[in-house]
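Put together the whole structure using the sequences plus the hints.
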Amino acid sequence: MNSKEAFTATLAHTTPGRIVIDFGATPVTGIHVLVIKKLRAYYGLPDKPVKVTEPYQMLGEVDQELMEILGVDVLGLSPRTNIFGFENSGWKGFKAWWGQEVMVPEMFITKTESNGDLLLYPEGNTSVAPSGRMPSTGFFFDAIIRQKPFEEAMLKVDDNLEEFKPITEEDLAYWDRQVKNISRSNKGIIANFGGTALGDIALVPAPFLLNPKGIRDISEWYMSSLVRPDFMKELFDRQTDIAIDNLKRLYGVVGNKIDVVYMCGNDFGTQQSTFCDVQTFGELYLPYYRKMNDWIHRHTEWKTFKHSCGAVETLIESFIEAGFDVLNPVQVNATGMDPYHLKKKYGDRIVFWGGGVDTQKVLAFGTPGDVKKQVTRLCSVFAEGGGFVFNTVHNIQANVPVENVAAMVETLRKLNGLN
Amino acid sequence: MINDHILERIAHCVEFGKSDLKSPYPPDLKGQEGAQELTRAALDMGIDPGLILSAGLVKGMERIGAKFRANQVFVPHVLMSAKAMTAAMEHLKPLFLSGEVKRRGTFVIGTVAGDLHDIGKNIVAMMVEGGGWEVLNLGVDVRDGQFMDAVNSFPGCIIGLSALLTTTMVSMEKTTRAIKEINPTTRVLIGGAPVTEEFCESIGADFYTPYPQDAVDYINRLVPL
Chain A
1 MNSKEAFTAT LAHTTPGRIV IDFGATPVTG IHVLVIKKLR AYYGLPDKPV
51 KVTEPYQMLG EVDQELMEIL GVDVLGLSPR TNIFGFENSG WKGFKAWWGQ
101 EVMVPEMFIT KTESNGDLLL YPEGNTSVAP SGRMPSTGFF FDAIIRQKPF
151 EEAMLKVDDN LEEFKPITEE DLAYWDRQVK NISRSNKGII ANFGGTALGD
201 IALVPAPFLL NPKGIRDISE WYMSSLVRPD FMKELFDRQT DIAIDNLKRL
251 YGVVGNKIDV VYMCGNDFGT QQSTFCDVQT FGELYLPYYR KMNDWIHRHT
301 EWKTFKHSCG AVETLIESFI EAGFDVLNPV QVNATGMDPY HLKKKYGDRI
351 VFWGGGVDTQ KVLAFGTPGD VKKQVTRLCS VFAEGGGFVF NTVHNIQANV
401 PVENVAAMVE TLRKLNGLN
Chain B
1001 MINDHILERI AHCVEFGKSD LKSPYPPDLK GQEGAQELTR AALDMGIDPG
1051 LILSAGLVKG MERIGAKFRA NQVFVPHVLM SAKAMTAAME HLKPLFLSGE
1101 VKRRGTFVIG TVAGDLHDIG KNIVAMMVEG GGWEVLNLGV DVRDGQFMDA
1151 VNSFPGCIIG LSALLTTTMV SMEKTTRAIK EINPTTRVLI GGAPVTEEFC
1201 ESIGADFYTP YPQDAVDYIN RLVPL
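As you go down the protein sequences, you meet chains A and B in turn.
Per my numbering, residue 1 is the first one in the first sequence, and the count goes up by one each step.
Per my numbering, residue 1001 is the first one in the second sequence, and the count goes up by one each step.
It is worth saying that the hints were derived from the structure and are not from the lab.
Just so you know, not all the hints are guaranteed correct.
As the list claims (entries may be wrong) - In silico DSS-like pairs for lysine-lysine, Cα to Cα no more than 30 Å straight-line:
hint, chain 1, residue 1, chain 2, residue 2
1, A, Lys344, A, Lys361
2, A, Lys148, A, Lys38
3, A, Lys373, A, Lys414
4, B, Lys1093, B, Lys1067
5, A, Lys148, B, Lys1174
6, A, Lys111, B, Lys1174
7, A, Lys95, A, Lys180
8, A, Lys373, A, Lys345
9, A, Lys233, B, Lys1022
10, A, Lys233, B, Lys1030
11, A, Lys233, B, Lys1067
12, A, Lys156, B, Lys1067
13, A, Lys148, B, Lys1180
14, A, Lys213, B, Lys1022
15, B, Lys1030, B, Lys1102
16, B, Lys1174, A, Lys95
17, B, Lys1030, A, Lys213
18, A, Lys92, A, Lys51
19, B, Lys1093, A, Lys361
20, B, Lys1022, A, Lys156
21, A, Lys291, A, Lys165
22, A, Lys95, A, Lys213
23, A, Lys148, A, Lys48
24, A, Lys361, B, Lys1180
25, B, Lys1022, A, Lys148
26, A, Lys372, A, Lys361
27, A, Lys361, A, Lys414
28, B, Lys1174, A, Lys361
29, B, Lys1067, A, Lys345
30, A, Lys48, A, Lys95
31, A, Lys38, B, Lys1174
32, A, Lys213, A, Lys187
33, A, Lys95, A, Lys165
34, A, Lys4, A, Lys213
35, A, Lys213, A, Lys257
36, A, Lys148, A, Lys4
37, A, Lys38, A, Lys414
Note that the structure is predicted; figures quoted are calculated from it, not measured.
In structure tokens:
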């Protein structure tokens, strides 16, 4: 069974005969650029400035050489423009504050504040206010909130709909090139088309827009679910219709050459609980998610991928009802997210993509022995009967010891019967 | 009796996030006065501002904090309550400054160096303020020096440190140790998604909790009204 066959088998909840692995296919299953550098050195690969493929979280490129070593089965296709609204093209050198030489897109144009913070601009346009900030001792960017004062009566859904537009010919041509590029690949494919996320809290501040209007403050957005639910419903309703029209056109270009669509990264969980109850999810989100997922399932062979950090056990039934096929990152150390329980209750109805090792404690602060033990245990729980794609719980952060990543990779190779 | 009634209404508005007359939330209180107007009215009635704080705002925040801890309400509800409390506080703050109303003490809070996340930190800040404390919110990406300046400027203050990222837990340790070095008796509370009791003990901090209301209860036990 090659990677693609094993991947599609596990998505279909049948046993692929081995652990299927993703490192780097999505913005939530990647590896920080500093860890990529260390991994390359660890495995004796030539030192080179690593490409920053996702500048917001400073995720690094898992290239062909590293993919082979890590045993990667899945390739990811990203949108034409990144979260800061510029293309990942025209690569140039950049030295990060931690001393690493990396490659960044040409529109990755920064300014340094007097306190050492690094500022990044939407579309690389320094004539507008910056939209991203990396603290002088931080390892990635966070959105700068550019909320304008507003009068309740003057709020317009159109302002929050600015980023959801009919797909352009330029974008369709881009996706055509993307699928042609991977036509000879024998790996599984996940595509992140964009436009299908509902209220993704990372995207609400719109770091990609030059001059965002509407509700862009995170707390205000959360409160909107109580204060102005009708505003949110209208936004999601109109956004969903645009998304489905775009998906139709995208399907015309990419067909069934992709296997999975990255739909939404909105986090519904905290460490202990959720951001809303089942009823609110059912009223505010579920109908729109289901409309998009239903269209996909009726017209394509694609599976759909939902990311949500945190203690979302109480919402998993709703995610399934909304039509999602895949849940990520399966935060196994959050309240109620016991792996045995999750697998038993939901494992035959939703694919767990992630949950292979806890990143808040074990991978970051444990020993290689701790990592091996946990990876072995969690794989034995999640992989039984298929329906599992191995990934850590969210991206591998800059502080993770390379020995721990290597211990994880070694354990996976052993489980897969490789030397 | 009338006093009890208006204080209970203030507590109710804070608990259910009714800021002012204009606020459409919660729907069942639409068109009614909110925490802001009722606090003003209570002061005009001559009710002791300390009583408005303890029997109105503190009570309302305690109730929402307890519900949040029990997963009966969620982050948006707590944000609405905090907004209502802040609206009421506008009328009480001048009285705090003039010394007419005493608060329990000063609570200094910030997200540690390298970390820009502030929702959890702000929720704790607002709940502590609602618990009758003066809160100095230093914001995000706060360096050791800023916390140490606060320790020197506000003798007896209690410190709260927040971190969302595993990569910034190291800053939490550094700041805690720096504070304890200049003043070993300063109490340091820590919180944030990746933080644990074990980590709290290992860095010499005094208290960890995943629940904001537990933090309020803890510091209230240290300094009873």
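Straight-line Cα separation of Lys291 of chain A and Lys165 of chain A no greater than 30 Å? 18 Å, holds
Satisfaction of hint between Lys213 of chain A and Lys95 of chain A, Cα-Cα up to 30 Å: 33 Å, violated
Given the hinted pair Lys1022 of chain B and Lys156 of chain A, is their alpha-carbon gap at most 30 Å? 19 Å, holds
Lys95 of chain A and Lys165 of chain A were given as a pair; does the straight-line alpha-carbon distance stay at or below 30 Å? 35 Å, violated
Given pair status - Lys361 of chain A, Lys372 of chain A, alpha carbons within 30 Å: Holds. Lys372 of chain A to Lys361 of chain A sits at ~14 Å (cutoff 30 Å).
Lys92 of chain A and Lys51 of chain A: Cα distance at most 30 Å? 9 Å, holds
Can the restraint linking Lys373 of chain A and Lys345 of chain A be considered satisfied, given a maximum Cα separation of 30 Å? 24 Å, holds
With a cut-off of 30 Å on the C-alpha distance, tell me whether Lys4 of chain A and Lys213 of chain A pass. 42 Å, violated
Taking 30 Å as the top limit, are the C-alpha atoms of Lys1030 of chain B and Lys213 of chain A close enough? 27 Å, holds
Need the status of pair Lys148 of chain A, Lys38 of chain A: alpha-carbon distance at most 30 Å? With Cα atoms ~42 Å apart, Lys148 of chain A and Lys38 of chain A exceed 30 Å; violated.
Straight-line Cα separation of Lys48 of chain A and Lys95 of chain A no greater than 30 Å? 13 Å, holds
Is the straight-line distance between the alpha-carbon of Lys213 of chain A and that of Lys187 of chain A 30 Å or less? 40 Å, violated
Consistency note: the structure conflicts with the earlier hints numbered 2, 5, 7, 12, 13, 15, 19, 22, 23, 32, 33, 34, 35, 36.
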